[in-house]
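Chemist: Take a look at the letters that make up each chain.
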Amino acid sequence: MFSNILIYFVIIPLLMLGGVGLSRNIRQIRAVAVIGSVALMALSTVLLLQYLDLRHAGETAPMLFTDSWTWFAPLNINLAVGVDGISIAMLILSSIIVFAGSFASWKVPQPKGFFLWLLLLSTGVFGFFISVDLFTMFMFYEVALIPMYLLIGVWGSGRKNYAAMKLTLMLMGGSAFLMLGLIGIYYHSAPEGGQLTWNILEIAARDSIPHGWQSFLFPMTFVGFGVLGAMFPFHTWSPDGHACAPTAVSMLHAGVLMKLGGYGCFRVAIYLMPYAAQELSYIFLILTGISVVYGAFCACVKTDLKYINAYSSVSHCGLVLFAILMLNSTAMTGAIMQMLSHGLMTALFFALIGMIYGRTHTREITQMGGMMQILPFLSVCYVIAGMASLGLPGLSGFVAEMTIFVGSFKAGMADYLSGEGSLRLVFTIIACCSIVITAVYILRVVGKLLFGPVYDKHHLELTDATWWERTSTITLILCVAAIGCFPNFFNNLINTTFTPEIFAVLGK
Amino acid sequence: MKQEIALLVVFLLVFLYDTFLGKGAQKGLPAFTAILMFVITLLGLCPHCCGVGGEQTAFAGMYATSPVIAAIKNILNVGVVIVLIQSIKWTNSENMSMRRGEFYELLLVTLFGMYLMISSRHFLLFFIGLESASLPLAAMVALDKNRYESHEAAVKYILTAVFSSAIFMMGLSFVYGLTGSFYFQNIYFAVSSNMSILLVLAIAFVIAGIGFKLSLVPFHLWTADVYQGAPTSVTSYLSVISKGATAFAFLVVMTQVFGAVYSRVWEWMLYALIILTITVGNLFAIRQRNMKRFLAFSSISQAGYIMLGVIAFNAMGLAALMYYVLVYIFSNLAAFGVIGAIENATGKVSMDDYRGLSKTNPKLSFCMMLAMFSLAGIPPFAGFFSKFFIFTGAINQGSVAIYVLVLIALINTIISLYYYLLVVKAMYISEDEPVVATFKSAASERLGLWITVAGIICLGIASCVYTYLLDTTAVSAMQAYFIG
Amino acid sequence: MEITAVYYLIPALIMFCCGVYGFITRKNMIAMLVSLELMLNAVDINFVVFNRFLFPEQMEGMFFALFAIAIAAAETALAIAIIINIFRAAKNIDVRSLNEMKF
Amino acid sequence: MAITIPILILAIPLFMFFFLGLFGMKMSHKLAGTLGTLGMGSVLVLSYFTAFQYFFSGLDIFVNEAGDRLQYLVFDQTWLQFTEKLVIKLGFLLDPISAMMLVVITTISFMVHLYSMGYMRDHHGVFEHGFQRFYAFLSLFSFSMLGLVVAPNIFQMYIFWELVGASSYLLIGFYYKKPSAVSASKKAFIVTRFADLGFLIGILTLSWYTGTFNFTELTSVPVEGLAGVTQVNIGTAESIRNIFATSAAPTFMGASVLTWALVLIFMGGMGKSAMMPLHIWLPDAMEGPTPVSALIHAATMVVAGVYLVARLFPLYLMEDSAMIIITVVGALTAFYAAMVACVQVDIKRVLAFSTISQIAFMMVSLGVARPEYHEGLGYMASMFHLFTHAMFKALLFLGAGALIHAIGSNDYTAMHGLRKSMPITHITFLIGCLAIAGIIPFSGFFSKDEILSSCGQYDILVYLWMSLVAGLTAFYMFRLYYLIFWWKEHVTPEGHHAPHDQPWTMTLPLVILAAISCVAGFIPFGNLVTWNGEPYDFMAHFDWSVASISLLVAICGIALATVMYRKENELPAKMRRALPALWTWCYHRFYWDELYQFITHKIIFGLISKPLAWFDRHIIDGTMDSFATLTNKASEAIKPLQSGQIQMYVFYYLIGALLLGGITILCLI
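Protein chains in written order, with my numbering: chain Z, 10 to 517; chain F, 10 to 493; chain S, 54 to 156; chain G, -9 to 659.
By construction, these hints were calculated from the structure, which means they are not laboratory data.
Note that the structure is a prediction, hence the values are computed from the model and not measured.
Among these hints, one or two may not hold up.
[Stated by the list, open to error] Restricting the straight-line Cα-Cα distance to at most 27 Å, the calculated cross-link-like pairs of lysine-lysine (DSS-like) are:
| no. | chain 1 | residue 1 | chain 2 | residue 2 |
| --- | --- | --- | --- | --- |
| 1 | S | K155 | S | K144 |
| 2 | Z | K121 | F | K368 |
| 3 | F | K357 | F | K368 |
| 4 | Z | K466 | G | K167 |
| 5 | G | K167 | G | K20 |
| 6 | F | K372 | Z | K121 |
| 7 | S | K155 | G | K629 |
| 8 | F | K154 | S | K80 |
| 9 | G | K478 | G | K564 |
| 10 | S | K155 | G | K623 |
| 11 | S | K80 | S | K155 |
| 12 | S | K144 | F | K11 |
| 13 | S | K80 | G | K629 |
| 14 | G | K168 | Z | K466 |
| 15 | F | K357 | F | K154 |
| 16 | G | K592 | G | K168 |
| 17 | G | K168 | G | K20 |
| 18 | F | K154 | S | K155 |
| 19 | Z | K121 | F | K449 |
| 20 | G | K629 | F | K357 |
| 21 | G | K16 | G | K168 |
| 22 | S | K155 | F | K357 |
| 23 | G | K16 | G | K167 |
| 24 | F | K368 | Z | K116 |
| 25 | F | K368 | F | K449 |
| 26 | F | K449 | F | K36 |
| 27 | F | K32 | F | K154 |
| 28 | F | K372 | F | K357 |
| 29 | Z | K116 | F | K372 |
Based on the sequences and whatever the hints tell you, model everything.
Modeler: Following this line, the structure appears as structure tokens:
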């Protein structure tokens, strides 16, 4: 069991949990968090290198490092692990954000409880990404969700009770649909009389879910994951939840947890039920297409920084799901890149907002101004994050969005020319419009918050970022820039996943 | 029979201890009972006692036992041991000193009744089991002489219980009139060949009669009042052991007696009952402030989930039901353990009194939180697994309707999550001054909580429990009924 | 005139309904207990009648009725005891006053 | 050709950006400025060398035996692979226009770097706050602009297109404490972003049909035997048109898809080059420091749209309707901007509108260019004008900067009569005015004349229209010149320094640029830059009749300006009273800003965003919350069930049991 590298993605967070549990003061807790998250980053790097080596050596299996340990034998539930390019990308993303998040919560009150829950959340996240068994996947998914309640409830601010409850209930509502969908998939995972299985790879290989059932199970799973992916109209937990969550939690939640939604939509809904994905994608295309512009428009008029960013997340995550539904490799690659990119930059945003809020005690942009003169470091970082968000080349947002647009335009044209309607094309163009609206709200915030004269004279006494805050933000900025400057590396990594076989099933 | 005999021996020993040992030794009675129960639980767990193979019968086929039945009895035993441990503090308290023995004796008698209920293959035995599992409980409910609520609860319990047993017997009399036998097997074959309207009514009455003990809506109305009024230990016993045993017995009756008319008659009845039970239980639970009353409604909705194992009508459902009961025992007892500890120390049972508990009693709060998470079905706690398996089992039934039912049940889990989180919120998030001061709970209470917490954490992750249950049920004699 | 099972069953049913009615309407708990007894006895009659008229070759119904009577006695005893308890505590046995716990 | 130099051309500015951006604050202002200028100087040298090599070395990779100039792909590195065919590469394409642009950009940029050393400090010689940042941004801009012009594929162009947009944003908003600068930068970015949306969709359409981003695959054919060398060929563009024409959906809403794609791409160009109706950002962009206006908003970035159309020129040739759109947009913009420039008060605004008008000239010139008219004279003229305009407009802006720096105001009303106190500025400014007005022998004369003659070949109406604009140009430029330097004697307000010429760092660029403006007209541009690389004799197409007419028009314009503005008089006020409506509309720039204000604030914010946000909070969120409320209500509603009365409990019990049986019976029957 311990010879498989993947299992350490769960073991390390668990060890960290133990370490934090045993810690006696905040220094020890910090040490555990930093050492652990560095170990996780190192581990994901090692995994990445090994993976690339194997791929170069000609491995063509859909997933590598696969392993399976029996858990509930009669139900054929296994702790099955395996990764492909997408999972590795997500693992890297998660470890980076855990690292940055640890630094961002350097001075959190009641650190022990906070880190315990945070690490439980990370355990869930990592477990989710390495699982290829629907059951364990779902289990880790829920493990990752519930700590949010306490993290927001105890360490949050504002209407935290309401927000925490709303977030938890809505996400759990999604997972209720999801659970039904997953059980349904299990029962149709084999032809009559065959051995049922929860293993994604086996189900995909068999492709035996009857079409009628797919049409029922696909919406279940897609909505289930879609709630976490902030799909319109199930996104309303996101603004409230993010607004009230403490910094590191917002980072982790928007940065990683929301990616679970997109990842799940791809890995479960689309991958296992390609027929329904084609037949029913139009419903969700409309919904996600709406998400993209809707979130952006809403962000334009909000005045609370976190609300703005939460709506921007709705828009960006909508783009992820939107791209996934395009069912071609370019758009899907773009979707994964967008997940990476959004994860990093939104984490950066939330980190910065948290840092600014920690100093000014307000998040209303109408109450602030001229931060560039007071907090130059944070402000510059904010501008960079904003530029990444509105898709400046050289930063991650651009490559992700362009890949998505190229891919979805391709899908749209293919549909259009083959007479299957112009829905995809129209929504692609609508989605493209988001680049303008994004620019509007990002620049509005940057203009009001950072530039202009100082609004509140008391703010003049504020001090700029401390070293741990710098560590957190610089890490994220470097990653954002790395994706933006060397996109092909990530592109190739992700592309190794989209083997022709997948799209042979999808038919496009 | 071994388990029944062992239980009788325990009963006799407890009785003798209570009767003949002097006042000084009386304080040891609770521990004595607990240890004895613990011993027979261990004995029951050894493979020899569990038996192997199919059913073995006694009393001209009125009584039967099998590995499955032994397993459910073991599960009950485990629960009883925990209840006994948790009740030590209470029974050793001043105002219980005169009635200590009665509590244990009545408890063991009801347990014996449940054994009979589970093992019976004849309605006479079943009826005796049912009554002896419920009548002494009325006395137990009334045990707290100084509290008015205790008496009120007892009256409500005994009157409704007798009424429901009258209805149950009415149903039985119809069954008898239709089939001329009380043997499950005879009725099964008679029913399958000869369906009449009277049978439908009979089934409805039988369901009502047993549903009373399970507190299925609309037969549940006594539950909240009785749980609230009864002494906490009795409430916990009522809510887990009595409910678990009845759930299993209900499954036996529905499959082995009326299994032939599953899809024609009672499948739809159960659909309605399950939806009602889960929903109404949840709806009431969200507005409760008294913790015991709150858990009463929670247990009502949990009963609805347990019924999914019955409606599944297959071995997986059976195994899931048993597993659910086991997990439910641990989770609910953890909650009651905390409630009991706080009640014993401060006399407070309102949710408002739990505000800020995490600051004064972090460990108790932690136990309570785990219990709530487990009841709500949050991984990695056992409740998640039990819920998942019971849904999996139900869906194995395969019809479209069952998907709808499970979906409704799943949506209801959100409501239930809401009210379970209310408790967590009160303990952890509320920023009010803590009501309950820091106190140290008794060793017995701590032991009980440790056991339950260990169970909550391990039962799901350690797959052997569920695997064993599923393997056992898959080869049990009941399979024949499911397939038929 | 042949006396068939129906001649017994209909009074039994009426008894049962009376019992139910009484149980639901009477305020006095003792009266309620009496109504319960009516119901139980109606059921006993059912058992006996079914046994005698439909399945005379066995005695199962009779025995069941016997057990039922015994259990009913136990129930009544227990109920009376509890009612006495309540009377001590509340000085009345009006069932409608037992609503301390509700909602 | 060695790959090192092209890489250095791009790498040095980028390095300077990071270096100055990260460590600039740690070093002295002077050091940072010097480093930046030196860096740019080295790029200047390298670029000149490259351009020189390209045009004059005669290597077979640059020129074929017939003397046609070729396109040479110096390097091409895969950056992002979308699909097998669609690949974004970062590369360096050397061809006539990119070589020319290298020269233009580095020249102006270097001048601006040098100039800013003097400009970006106050009268006491204290450097402005953020001086290092300024140089970092300048380097970033130079990098982006260089990357844009050497782009061998349209997506690289788009990437750098966005980057120049961003650096323009940063530079316009350089004085970030000033709210007007902030909103101007925002406006510039968003308006061009909107245009880029069209650009993007155009790219997507074009690349989807053709399966490539590469310019060379769209417009050229490879030259046998030489790797990376291609030659512009109309045949390739024709085959591209055939791809569109033979596809399953050749038309969309009445126009061919190729037209759509080209017009959408042109829309991007309209945004960057401030064509009507997307011009509104450029006048506001004058909030930035004046050297920035000279570099970005006069000479380089704003001609990116022209450059883009020139890049895809063979494709545009395929669709006449696209060309007509370009012509019409250009013509309208040219006239509009010239009209507005006639009445503006702020000298930088006047120059901004003049820039818009002049770029529109280039656009029109491209729009009317056809291979059959003078072998595509319009194309050459456009590029020529781009070159000369960059020089004299930068000169004018830098001159204006010198004035502003001396006076401390943008308003000509604060200037007047400065010719004596600032002689160098005066002379160089005058040269610039003469050049832009099109007076022989200054550079503007030649390029404008060629534009007009290609217009004349295309359509007489366009010719007349553009001539009118040329006259207006001369008028408003000299109006400006007179109002600054003549009109009346300068009065220095109390407490101000008397205006005087600026330090050498500022005057030297003026002098150099003035010198270039004097002689640039004699560059044999036809030999160097033509649409297909085929050189032709410039003078053969020189039409003296057109030239003399345009000269006449320019002189008329100047004469009118002289009459009206040389001395303080009542004439301008009279004119204004005579045509009040026209004056008001011109003064308010035909209310375009108000219209945009209305659209963005009232419609986008007021009618879309606000209602959507309301909808989100109240309807969507309200629905979600109402689930909770409903549950609570339901809970309240069924409360009576648990009445505490045993008899009611039993009653419900009974009803339940009977219903359970009863309904099942009914169903079974």
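Chemist: Within 27 Å, alpha carbon to alpha carbon, are F:K372 and F:K357?
Modeler: Judged against 27 Å, a Cα distance of about 18 Å means the pair holds.
Chemist: Would you check the hint for G:K16 and G:K168, treating anything up to 27 Å between C-alpha atoms as holding?
Modeler: Distance ~25 Å between G:K16 and G:K168 Cα, so the pair holds.
Chemist: Is Z:K116 close enough to F:K372, meaning Cα to Cα at most 27 Å?
Modeler: holds, 25 Å
Chemist: Please verify whether F:K154 and S:K155 have alpha carbons no more than 27 Å apart.
Modeler: Holds, at roughly 20 Å.
Chemist: Would the pair S:K155 and F:K357 pass a check requiring their Cα atoms to be no farther apart than 27 Å?
Modeler: Measuring from Cα to Cα gives roughly 19 Å; hence the hint holds.
Chemist: Given the hint that Z:K121 pairs with F:K449, test it: the Cα-Cα distance must not exceed 27 Å.
Modeler: Holds: Z:K121 and F:K449 sit about 23 Å apart, inside 27 Å.
Chemist: Regarding the pair F:K372 and Z:K121, is the alpha-carbon distance no greater than 27 Å?
Modeler: Judged against 27 Å, a Cα distance of about 14 Å means the pair holds.
Chemist: Going straight from one Cα to the other, do F:K449 and F:K36 come out at no more than 27 Å?
Modeler: holds, 21 Å
Chemist: Starting from F:K368, check that the Cα of F:K449 is at most 27 Å away, please.
Modeler: holds, 14 Å
Chemist: Does the structure keep F:K32 and F:K154 at a Cα separation of 27 Å or less?
Modeler: Holds, at roughly 21 Å.
Chemist: Compare the distance between the alpha carbons of G:K168 and G:K20 with 27 Å, and conclude whether the hinted pair is satisfied.
Modeler: holds, 25 Å
Chemist: So if I understand the rule, the pair passes when the alpha-carbon distance is 27 Å or less; does F:K368 with Z:K116 pass?
Modeler: Between F:K368 and Z:K116 the Cα gap is close to 20 Å, so the pair holds against 27 Å.
In the structure shown, a violation is registered for the earlier hint numbered 12 alone.
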